Amino acid sequence: MTRVVVDLSTIDLDNCDREPIHVPGHIQPHGALIAFDLRGRLTHASRNAGNVITSLPKPGQGLPITFPDSEAAFWAAITAALRDAETGRESAPLTMELASGERVFDVVLHTYDGRVIVELEQRAARDQDLAAFALLAHRSMGQMRSRRDISTMLSEAVETVRKLTGFDRVMAYRFHQDDSGEVVEEVRIPSLEPFLGRRFPASDIPVQARALYVRNPLRLIADVHDEQVPIDAHDPTDRALDLSYSVLRSVSPIHIEYLKNIQVCASMSLSIVVNGRLWGLIACHHGTAHRVPYAVRMTCDVLSHVLSSSVQSAVERLDAKRRLAAVEVRKNLTDLLLGSDDFATAFPDMTDALGRVMSFDATLCSYGGLMSCDALPKESAAQLLHWLDTAEQDLIALHESAKLPEALRLALQPFFGFMALCIDRVNRGWIVLLRREQVETIVWSGIPAKLERIGPLGARLTPQGSLAEWRQTVEGTSVAWDDADRVIAHDLMESLARAGAARAARMEMARAQLLAVLGHDLRDPLQTISMMGLMLEQGSPDRHAGYGKRISTSIGRMQRLIGEVFEMSRLRAGLGLGLNCVPGDVSALVRGLVEDAHLAHPEVAIFTELPPSLHADFDADRMSQVVNNLISNARNHGVAGESIWVRLADEDPMVVLRVANLAPPIEETSISTLFDPFKPRSIGNVRNPGGLGLGLYIASEIAKGHGGKLEYSHDGSRVTFTVSVPKTR
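With the first letter of the sequence shown counted as 1, position 318 gets the number 318 in our numbering; the numbers rise by one all the way through.
Possibly wrong hints are sitting among the right ones.
[To be verified] In the EDC-like style, the derived pairs of lysine to aspartate or glutamate whose C-alpha atoms are separated by at most 20 Å in a straight line are: (1) K321 <-> D482; (2) K321 <-> D491; (3) K709 <-> D650; (4) K727 <-> D619; (5) K331 <-> D485.
Simulated from the structure, these hints should not be mistaken for laboratory data.
Keep in mind that this is a model prediction, so the values were computed, not measured.
Model the full assembly from the supplied sequences, consistent with the hints where possible.
Structure representation (structure tokens):
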């Protein structure tokens with residue numbers, strides 16, 4: 001039989017993450033290993049296998065026909081495993097025992113990669129009583145299942161594993177986003193230095209080792225000073241024997257030297273796997289050689305599976321709580337985008353709710369040429385938006401500002417990380433969540449880098465040489481965005497993108513309808529003016545006065561239509577209305593406008609409650625526009641012939657105007673678009689002849705321009721529109 005050789009000279013600290021640790025070609029010496037192909041021929045055997053199995057066949061031969069009675073059950077189990085493998089069914093690991101002279105071995109069989117692999121691990125004592133261990137483990141597993149707090153679960157686990165195994169130190173690691181591990185729970189003998197709170201760099205566990213930890217959750221290294229036993233192959237050209245699921249698999253020389261450097265002679269690890277990923281580890285260290293019986297290890301293995309399941313349940317509970325809250329936030333933001341004409345300005349009202357599902361320190365929102373930013377200067381915000389517009393990704397999560405262009409990095413300070421969601425490329429729609437710098441002092445166990453020192457395998461194979469505490473201050477970064485943040489952000493982005501597309505389609509339809517109505521309504525007064533001009537030329541002078549009045553009315557209507565469209569265009573372009581706020585008497589203004597309305601429409605009674613005077617800073621022309629629009633709406637949309645109520649109040653620090661009329665409530669489906677410039681139901685409304693449905697939109701924008709708002713309510717039988725603006729600016 002030919003020995004399988006792994007060339008260790010090609011493995012160094014630069015390529016250790018590519019070391020084929022799953023096919024080491026050796027096993028640890030406290031046991032033996034044999035392997036058969038699916039035809040039952042011996043393909044591999046550890047060099048010490050003949051010392052354990054008296055009836056071991058020769059390389060390339062099938063199972064023995066004759067064997068001692070003590071080995072009958074052993075060969076029967078192998079025959080059954082081969083039979084299962086021939087039918088394409090990979091059998092689950094099988095455990096039994098085998099007596100060889102005075103020694104007793106635990107036998108573990110498993111089928112993998114077209115081989116039936118048999119491992120024999122010598123017991124320290126034949127009659128070991130494991131009942132106490134089983135009771136302890138059962139009690140611990142029950143307690144873990146009942147815990148809802150992850151920290152308590154991990155604490156329970158490390159205490160139990162130490163009692164079961166007797167290791168000097170048992171730690172619970174939790175891996176961070178960068179794959180570095182932090183010791184979050186620990187039990188140890190008093191003479192050992194505490195590692196609680198220490199961080200271990202990601203390079204301590206190479207990529208392929210992490211994969212093995214997921215596949216094979218339990219790993220024991222009984223003695224780092226043991227000489228590994230070679231595995232001989234019958235056919236030197238055959239593929240290397242894959243020991244991913246082996247219990248005796250030998251250890252990487254780099255890892256052996258690492259353990260020696262930190263004065264650890266024996267170790268064991270239990271994987272904590274959550275959603276198929278290595279979430280953490282239970283790591284055990286001992287200062288001398290330490291063999292944990294297979295039965296005890298299997299108890300620990302079951303405990304680790306229960307722990308993984310319990311941690312996963314706890315993680316999923318937290319994620320589910322966040323996702324549920326995120327659904328509500330997503331719905332509200334979607335409704336806001338669909339119902340608000342100015343999404344960017346309205347967005348800050350939603351940040352408190354969004355902050356309950358994602359952590360951030362400031363926000364930036366851009367949509368349709370408008371922008372809101374609560375902490376960044378506008379110039380810095382514009383610079384970030386320009387950079388985002390050139391990015392290919394629609395979702396960008398960054399926690400290191402060093403990855404940004406220097407000018408942008410400086411402009412964003414004191415923020416060093418952000419999550420950016422593109423919700424509409426056409427309208428430059430972005431939501432950006434910003435995080436401040438987190439200056440963090442990390443306590444590492446040793447310097448978090450590969451050290452090249454002269455060791456028994458040469459300078460290239462010397463890993464970290466000390467676990468002495470080493471502190472590193474990390475600057476220029478924010479808290480990293482986790483997987484849950486990314487999922488929530490992605491779902492929000494997709495939902496808002498769909499809502500934006502629906503909104504754009506609806507607005508395009510309304511624009512087309514508005515233009516059609518505008519063309520029609522401008523044609524009518526133009527035709528009137530044309531006919532009046534012709535009649536002026538041909539008619540008698542005594543009728544000219546009436547013609548002039550009709551021409552003036554038609555021109556006024558055209559001016560109103562064109563003015564509304566012009567103002568709407570300015571607002572949509574983000575140019576604003578150009579307010580000129582000066583001190584004045586709001587009460588006098590409203591009183592005069594009510595009198596004018598009554599003179600124009602004496603058939604409609606208007607009741608007022610106005611203070612003698614109420615002074616504030618406001619734009620008189622624009623505020624007149626608001627009052628006239630609300631009174632006109634009340635007259636046109638209320639119950640015909642019924643009264644209108646106008647109330648003005650000083651509700652310090654606000655001036656509050658309420659205009660009410662008898663009318664049924666506005667339909668729920670229309671409320672969300674009430675202040676939208678494009679309301680198809682308003683265009684061509686018979687109760688608003690010649691109107692384009694822009695009045696409430698413009699009135700709302702005027703109120704916003706004064707730092708206030710316009711609101712709708714219905715109480716009993718009355719519709720009320722309320723304008724609230726601050727008294728001083």
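*Hints not upheld, ascending by number*: none
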